[in-house]
Amino acid sequence: MKNFEYFRPTTVSDAVAAAAVPGAAYLASGTNLLDLMKGGVTRPNRLVDVTRLPGLDRIEHLADGGIRIGALVRNADLAHDPDFAKSCPAVAEALLSGASAQLRNAATVGGNLLQRTRCGYFYDTASRCNKREPGIGCDARHGENRLHAVLGWSETCIATHPSDFCVPLAALDAIVEIEGRAGRREVALEALYRLPGDTPERENVLEPGDLIVALRLPAAARAFSAHARYLKVRERTSYAFAVVSAAACLRIEAGKIREARLALGGVAARPWRAHAAEKLLAGANTDAAAFHRAAEAALAEAKPSGDNLFKIELAKRIIVRALTLAAAGTPARMPALPASLFASVSGVLHDA
Amino acid sequence: MNLSISLTVNGVRRDVELSDPRVTLLDLLRERLDLTGTKKGCDRGQCGACTILVDGRRINSCLALAISHDGADILTIEGVARGDQLHPVQAAFIAHDGFQCGFCTPGQIMSAIGLIQEAQAGDDPERIREGMSGNLCRCGAYAGITEAVRDAQQTLATANQRRSA
Numbered sequence: 058m059k060n061f062e063y064f065r066p067t068t069v070s071d072a073v074a075a076a077a078v079p080g081a082a083y084l085a086s087g088t089n090l091l092d093l094m095k096g097g098v099t100r101p102n103r104l105v106d107v108t109r110l111p112g113l114d115r116i117e118h119l120a121d122g123g124i125r126i127g128a129l130v131r132n133a134d135l136a137h138d139p140d141f142a143k144s145c146p147a148v149a150e151a152l153l154s155g156a157s158a159q160l161r162n163a164a165t166v167g168g169n170l171l172q173r174t175r176c177g178y179f180y181d182t183a184s185r186c187n188k189r190e191p192g193i194g195c196d197a198r199h200g201e202n203r204l205h206a207v208l209g210w211s212e213t214c215i216a217t218h219p220s221d222f223c224v225p226l227a228a229l230d231a232i233v234e235i236e237g238r239a240g241r242r243e244v245a246l247e248a249l250y251r252l253p254g255d256t257p258e259r260e261n262v263l264e265p266g267d268l269i270v271a272l273r274l275p276a277a278a279r280a281f282s283a284h285a286r287y288l289k290v291r292e293r294t295s296y297a298f299a300v301v302s303a304a305a306c307l308r309i310e311a312g313k314i315r316e317a318r319l320a321l322g323g324v325a326a327r328p329w330r331a332h333a334a335e336k337l338l339a340g341a342n343t344d345a346a347a348f349h350r351a352a353e354a355a356l357a358e359a360k361p362s363g364d365n366l367f368k369i370e371l372a373k374r375i376i377v378r379a380l381t382l383a384a385a386g387t388p389a390r391m392p393a394l395p396a397s398l399f400a401s402v403s404g405v406l407h408d409a
Numbered sequence: 002m003n004l005s006i007s008l009t010v011n012g013v014r015r016d017v018e019l020s021d022p023r024v025t026l027l028d029l030l031r032e033r034l035d036l037t038g039t040k041k042g043c044d045r046g047q048c049g050a051c052t053i054l055v056d057g058r059r060i061n062s063c064l065a066l067a068i069s070h071d072g073a074d075i076l077t078i079e080g081v082a083r084g085d086q087l088h089p090v091q092a093a094f095i096a097h098d099g100f101q102c103g104f105c106t107p108g109q110i111m112s113a114i115g116l117i118q119e120a121q122a123g124d125d126p127e128r129i130r131e132g133m134s135g136n137l138c139r140c141g142a143y144a145g146i147t148e149a150v151r152d153a154q155q156t157l158a159t160a161n162q163r164r165s166a
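Note that the protein sequences, when read in sequence, are chains A and B. Mapped onto the working numbering, the consecutive letters of the first sequence carry residue numbers 58 to 409. Mapped onto the working numbering, the consecutive letters of the second sequence carry residue numbers 2 to 166.
Among the clues, some could well be false.
[Stated by the list, open to error] Straight-line Cα separation of at most 16 Å, EDC-like style, residue types lysine to aspartate or glutamate; simulated pairs:
1. A:LYS360 / A:GLU212
2. A:LYS336 / A:ASP364
3. A:LYS95 / A:GLU212
4. A:LYS95 / B:ASP44
5. A:LYS143 / A:GLU117
6. A:LYS95 / B:ASP16
7. A:LYS59 / B:ASP21
8. A:LYS95 / B:ASP28
In short, the hints are calculated from the structure, not lab data.
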């Protein structure tokens with residue numbers, strides 16, 4: 058690991074000033090950053106430790122019904138907060154389907170949003186990667202790429218955003234509060250991320266020094282709490298990134314869908330909101346035909362970036378499954394295997 | 002820059018002058034404090050062998066910078082027994098054959114102590130397996146580990162009931 062200067066500011070403005078210089082990076086828990094630094098993938102000259110900044114570790118219930126989550130709230134604390142889990146069950150389920158208990162105890166909300174892709178070529182410094190070294194080329198494009206993007210990718214980069222947490226957040230119109238050199242601003246989570254285009258090294262709209270200080274879920278997010286699920290296919294039962302995932306949140310009245318929210322994970326460089334599918338679902342019956350139509354619409358623009366045509370069909374099936382589960386209702390208790398397709402009840406068919 | 006930190010490790014205050022900000026909690030425990038019970042497996046947060054409790058929560062010590070944890074209260078495998086009396090989780094791992102080679106065991110035991118304190122799994126084997134999925138065992142002693150955690154959870158719950166009765 059390359060050596061670095063270590064700063065531990067005590068105010069947000071000091072942190073922003075310290076991190077605005079070239080080569081600086083923010084350090085929260087470091088569960089992703091230290092891994093990248095050990096591998097020489099990221100080589101910051103300066104770490105600005107934000108873990109002691111005051112006031113960023115709270116979950117607040119706002120007067121307008123919204124929920125404000127400080128950037129330093131730990132993943133486990135958010136997922137197990139009873140009020141939050143009740144209001145936004147798909148978000149809690151997504152959180153608990155990610156990483157391991159140890160990592161969730163450490164990892165922060167802000168860090169989760171800014172975690173880097175798990176593309177193997179990005180991690181392997183002997184490979185060419187346009188994210189790591191702009192313009193050098195992409196070895197994933199014609200390499201081992203069965204887990205890579207099927208939406209929004211470009212010839213320069215086919216990596217996916219790995220977060221589970223961000224998928225229901227995108228579906229529920231989460232807002233990111235950012236403190237920067239020019240003061241405070243807000244960005245919709247969906248608009249935080251850039252698609253790769255010709256500049257895959259620019260993954261989000263943050264400017265040097267910008268610090269995510271909080272995440273806000275609008276009051277409207279609560280309206281979906283009775284019919285909200287996150288579903289995630291992974292290559293082992295637990296402790297693995299998504300091959301494909303989906304967050305499905307429905308508002309059902311008199312047997313019809315009044316409003317739907319749908320987003321996909323593991324398919325693009327950002328959590329992928331399926332707006333066209335949501336429009337089709339609004340007013341529809343909660344039946345398989347409607348869910349299949351939504352799934353087709355969500356993947357209409359998809360194309361394989363390599364050996365991953367299967368992910369398009371898989372994503373459609375996961376959407377249908379997630380919508381079916383959401384329509385059936387949010388479980389009273391968090392499933393033993395959160396977001397899993399596999400039943401934990403002995404004797405029940407896995408593909409039931 | 003001042004790189005000295007103070008930690009409470011297994012109940013004892015330790016003041017450490019760091020030579021370098023890159024030192025992880027894992028390396029600090031093993032190389033500076035000679036507490037080699039905490040193991041370095043993958044060193045990348047994937048295997049769980051380095052699990053310790055920091056301020057009562059289980060984390061991967063390989064992905065924690067020591068300098069960032071100034072003032073923390075740390076519990077490692079060396080601090081869980083009381084003299085010759087094993088911690089109930091240690092005793093249960095022996096009773097249920099929860100290990101073979103033993104390399105992952107300190108991390109498994111610290112993770113299990115954390116899991117039981119978190120009180121999310123109860124004695125449901127599926128929830129225990131899920132909650133312990135951040136600890137890999139290459140000998141494949143998972144069946145014994147699950148039974149050990151279940152047993153220890155019950156022992157500790159009974160002890161707590163007795164204390165509060």
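Hints, one by one, checked against the model:
| no. | hint | result |
| --- | --- | --- |
| 1 | A:LYS360 / A:GLU212 | holds (12 Å) |
| 2 | A:LYS336 / A:ASP364 | violated (31 Å) |
| 3 | A:LYS95 / A:GLU212 | violated (28 Å) |
| 4 | A:LYS95 / B:ASP44 | holds (9 Å) |
| 5 | A:LYS143 / A:GLU117 | holds (14 Å) |
| 6 | A:LYS95 / B:ASP16 | violated (26 Å) |
| 7 | A:LYS59 / B:ASP21 | holds (11 Å) |
| 8 | A:LYS95 / B:ASP28 | holds (13 Å) |
Against the hints set out earlier in the document, violations occur for numbers 2, 3, 6.
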